[in-house]
Structures are given as structure tokens and as C-alpha cells.
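Colleague: Below are the chains, spelled out letter by letter.
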Amino acid sequence: MSLLEIKNLSIHFVTRYSDVHAVNGVDLTIEEGKTLGLVGETGAGKTTTALGILRLIQKPQGRYESGEIIFKGKDLLKATDDEMRSVRGNEISMIFQDPMTALNPILTVGDQIAEVIHLHGKCSQAEANERAVKMLEMVGIRAERAGEYPHQFSGGMKQRVVIAMALACNPSLLIADEPTTALDVTIQAQVLEMMADLKKGRGTAMLLITHDLGIVAENCDDVAIMYAGEVIEYGTLERIFHNPKHPYTLGLFGSIPSLDKDEERLHPIEGLMPDPAALPAGCKFHDRCAYATDECASCEQELAEMESGHKVRCARVMKGEI
Amino acid sequence: MGELIRVEHLKKYFNTPGGKLHAVDDVSFVINEGDTLGVVGESGCGKSTLGRTVLKLIEPTDGKIFYKGRDITDITEKENKQLRKKMQIIFQDPYSSLNPRKTVSELIADPLKAFHMLDKAGRAQKVAQLMDVVGLSQRFANSYPHELDGGRRQRIGVARALSLDPEFIVCDEPVSALDVSIQAQILNLLQDLQRDRGLTYIFVTHDLSVVRHISTDILVMYIGAMVEKCGAKDLFKAPLHPYTKGLLSAIPVPNIDHVREKVKLQGELTSPIEPKDECRFIARCPYATEACKQHMPEFQEVAPNHFVACHNVKTINNM
Ligand SMILES: Nc1ncnc2c1ncn2[C@@H]1O[C@H](COP(=O)(O)OP(=O)(O)OP(=O)(O)O)[C@@H](O)[C@H]1O
Ligand SMILES: Nc1ncnc2c1ncn2[C@@H]1O[C@H](COP(=O)(O)OP(=O)(O)OP(=O)(O)O)[C@@H](O)[C@H]1O
Ligand SMILES: [Mg+2]
Ligand SMILES: [Mg+2]
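Note that the protein sequences, when read in sequence, are chains W and F. Quick note on my numbering: the first sequence kicks off at 1 and runs consecutively. Quick note on my numbering: the second sequence kicks off at 1 and runs consecutively.
Since no wrong hints were added, every one of them can be taken at face value.
Covered stretches of chain F (chain W as the covering partner; in silico rule of three or more C-beta atoms under 8 Å from a C-beta of chain W):
1) 148–157
2) 171–182
3) 185–194
4) 202–209
Hints are computed from structural coordinates only; laboratory data are not their basis. Given the structure is predicted, the values throughout are model-derived calculations rather than measurements. Backbone N, C-alpha and C define an ideal beta-carbon position, used for all residues, glycine too.
Model the full assembly from the supplied sequences, consistent with the hints where possible.
Modeller: So, in C-alpha cells, the structure goes:
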């Protein structure tokens, strides 16, 4: 049994003025201890998917239109609020996109971590304090700094505190939403390496959201590429990097300047992702796709299995035409 | 081609409660016409301050700036304004650098108006032409910036910078806020403009694959100071400074067959306020020796067009 299995998840934000189709029929699977990379550009629906798993979608606009989120054999969409509270923090924890907002400026970093442990860990305050300091040391922050406030820390250190907090209750799944986007590459490398070590030591599975294919290459076991609320390609790291198939995935790879090859010009995908409040019929990518036919503009595409461990949402690829 | 920009021993120190902050510390370089100097380094190392000081948007503390051989360090306000036409800047954040109450066409016409160039009809024509050049459809002429996506907003920034027909543009992280596919569109645009108009760029970024792609030469900065400078491709082939080695090997590469030797940099940046007269990289350097504590290393040419500031550059690289 997989640790997490998302089936046909759809989340819309409905207001008087618009109906945003943020997540549309997403299927994802995460195995115990493995890391799934979720890649896609701004507005693709990555954060909404993550918040959806934790049932943190903003109400009342945010609505689950369909789906199941099977975590350890139980559907989280059917769980009670009490059950969800115990899942969050204890079993699944999340590192948010902006590390700076995740910390409380008026509490010392030690107290913040202790609070999380105390809340979820059913242990005494003294024990919680002790474990908080241990967590800090684990992420490479000296024990004597536990009494300092977030503003006394650099960006990289703050992010390490956030990671310590997320791992404090030994979750089986960590959702990390662009955990290093705000950091410099050298600090990013330190943080990612530390996360990988901690994960390995504890067997934690991870959903790693990023738009950096380099980070995916170095940290993930499987990859899902999202576009306009849909997963358009899904596979093992090996398949996606050696044999990408969907024209959008190919476009993403063509947009990144190479570090060892010399190329005069980049080969970006022209145009923009469609507005999720006004998605086109047919393939959501057809108006930017060099291979699109009339059929692509009218027929819904299915995420179909090409080969074991590799799925693509493109009829033309499936027919072997591309 | 001839020399367009020359900077000699440029310094910019800011006064802070803790003492002088060395944002730019003794930086020198030459950029030839039509070339791009890429400037890289970690957050706070002085990249933006360098770009702005070269444009004289900030007064230098010390040092000289030459434009086509002419010393522009101490020119009058009036001369400075004339020079502004030739030297422009494109900012990272197209969101905050554009007035939200102006339409796209008003925003692009702004610099022309400020310099009293062209009449109303002439300006309208020029704006339409600039929108074409940067790939903004005319239907956005009356839109407001918040109605546009980041890529289009950055195109407005590019159109504004081009409006006075400059020769030199400082691009300060122009694509950092954009998605890769949009980033690639803007990079292609900047390269096309450079080729068609013979533009010269300083390109500030922390994205190393971008800087390699777009630059002729690359300058690596660390806490205000130059640590390495050479041709763009050479820097990636054979970085000589330990900081550059660490920086380059920290980039995650989107290639799973690419096994690279990693030079790990521990620790974080030291403070740029009143730094000691020693190598500024000493706290993170795996090769530091006694000599590194004695004084700051000189920036020397160790191979043709390859400059490094490191006491131990020869031993580290078996030279
Ligand atoms: N509370 C909300 N109300 C209305 N629309 C929303 C809300 N939250 C998200 N959306 C919309 O849903 C879509 C998906 O947003 P989401 O934040 O999931 O994207 P993302 O892939 O995480 O993007 P980014 O890379 O910018 O973080 C976007 O169009 C966004 O504007
Ligand atoms: N007006 C100012 N007053 C005081 N200090 C300043 C001022 N402007 C910049 N600094 C300081 O100068 C140093 C260099 O800043 P600068 O913005 O040039 O860095 P940068 O390399 O562009 O960083 P980033 O990658 O984050 O944009 C920093 O330590 C910054 O805090
Ligand atoms: Mg997001
Ligand atoms: Mg800057």
C-alpha cells in the first residue's frame, strides 16, 4: 500500500466573480520514504494541491469538487476535523513557501519548536524544551541560540528552524513548498543536503514542490509535472529526465540555459499558461503547443500510461505521433 | 570594439550604526561596446549597489567611472541628466518599479516626457513601436500593470529602458521573478536587442546558468570585493577561486547523469560592516592558511584575462 494516494482530486475557488479551476483531476502517489517532486509554473496549482492534502483550503471559496486522498489507508476527505488536527503536525507536516512568515517574531526559536512538540507530543513542557534544543542541534544550530528571536537569524538559519519545527513530531510525510526558493545557492545546497540526511535517517516521505528542475534531479525519486491544474506527465526521475515526452515538459527543459553546452538562443515555450478561471476546452496546453492539431483543441486529454512508471497526458504522444 | 565603461577602484560604503558597511570595495573593470559583464554573488554581496553606482544613481565613496573614456565621476547634475539617456536600468521587480495608476502606454512614454522628447503624436508613435520591439501586443496599451502577468510587466520595464535609445543598460535581476519559460522569452529578447542595437549590458543575477548564457565576461563578488573575473565559459570550465568553486558546485543541475565533485561551503556570509584586513572568505574556505589572515589578497591576473583574489590560488590549482 502506498503512503499517500491522491485520486481524481479537483479543487475550485468559487466567488461571485469567478470560478477558478485550480486543481483538476489530479492523481498522485507517494511511497513510504520516497520523495515526489511536483513541478510547474506559477499558478499551476501546486500549493493548492498541497494545502488540499492537509484540508487547509481557504473556506468558503475553496471547494473540493471531487477526489479521494488516501493516507495510510484512510480517506482524509472523510476525516473529522479532530482527526485532521491530529494528522497535521503529527503525521503530515508542511514547510510553507515563505519561511519568514512561518515563524512567530515575538517567540524565541526554542520556544516555538517546544510549543509544537508540546501540542502534539503529549509530553511535559520540560521534556518539550529539551527536545526542541535537540531538534535545533540536528539542523545545525547551536543549543545556546535557542533563546534568540527569528530576526537575529539569517534566511538560511530561519529556514532550518522551520524544518526543525516540521520534523519535530516525526511525521511520516513532509510537504515542502519551495523550501529553498528564498535562499542563496550555497545555503540552499546546505539546507537540501540536511533535509535529505534527516529524511533518510527517519524514513520520512516527502512531497517537494519546486520549479527548479535541478533541485528535482538531485533530490527526487519520482516527478509529476503540473500544468493548468492537471498532472501532464508523471514518472520516475529516470524516465522524466531521460525520456521526457509531453511537449510542455520538453519546453521546460528547452527553457533552461545549459551549464555545459553552448547555445546561441534558448527555446522557450511561447505564450502563457491559461487563466484557471477560463480554461480552454480540450488540451489545456494546445494553444502553446507546436504539435497541436484541431483534435487537441476539442478533445479532453487523459493521463495515460505509456510504460510502467511513466504517464503522459497527450493523445498524440500516446499514438506515437510525436 | 572600443571601450564603453571603465571603472577604477570603485568603492561604496554606507554609514550604519555598527560602522561603515563595505557594499562595494575596490572594484575595477572594463566593458567593451556590445559586450555583457555578468555580475554574480550571494545576496548582499553588493551587486545592485555596484550597478547603481556605475550609473551614478548612487554617489561613489571613492574611485572613478569613465564613459567612452570620459571621467563622469564628478560631472554636474545637468551633465548627469544628459548621460541618463545613454545609461539605463532594468529592475528585478517589475511589480514595484511601475506606478500602478498609469497605463502601459503612459508608463512607456514617461521617460520621453521627462526629457521633453517628441510631441504628443511622436511619442504615441514611438510607444507603439517600442511595444512592438519588446513583444507587447497593442491591445495592452490601456491596461494597468496589475492586470498583466510578470513577463509582460518585465517587457514594460524593457520598453521604458529602451525609450531613450540608450547605449548601456544595467539589468538588475531582470528575470529572477519569472518562470523559466517566461524567463527564456525575456533573455532571448534582451539578446536580440543587444545584437540589433549594439547595446552593452551589466547583467546582475544570482542564477548561474543564466549568467553563463548571456555574458561575455563574469565578475564574481564576495562581500563587496571582486574574487574572480574571466570569460564566461572559462569560469565554468576552470574556476580558480575556492569561493567560485563552491558556488558553481552548489548549483543543482537538471541532469541526472551529471556527477559532479562538490566543494562544500560551510557556514554563512560574514558581516560586511568594517571587515578586517584579511581574506573575506576565510571563515568558509576549506584551504585557508596563515597567509590569508595577514591581509586581503590582491586581485591579480593569473592567466590571460583570468583574474583571481586568493593568496593560495597557485597551490590550490596546481599552477
Ligand atoms: N484562495 C484563493 N482564492 C481564489 N483563487 C485562488 C486561491 N488560492 C489560489 N488560487 C488560484 O488558484 C490557482 C493555483 O494557485 P496555486 O497557489 O496553487 O499555484 P502554484 O502552482 O502554487 O503557484 P506558485 O508557483 O506561484 O506558488 C491560481 O490561479 C491562484 O490564483
Ligand atoms: N542604502 C543603504 N544603506 C545601508 N546599507 C545598504 C544600503 N543599500 C545596500 N546596503 C547594504 O549593502 C550591501 C550590498 O547590498 P546590495 O543590495 O548591493 O546587494 P546585492 O548583491 O544586490 O543583494 P541581492 O542579491 O539580495 O539583491 C548589503 O549588505 C546591504 O544591506
Ligand atoms: Mg505555490
Ligand atoms: Mg540586488
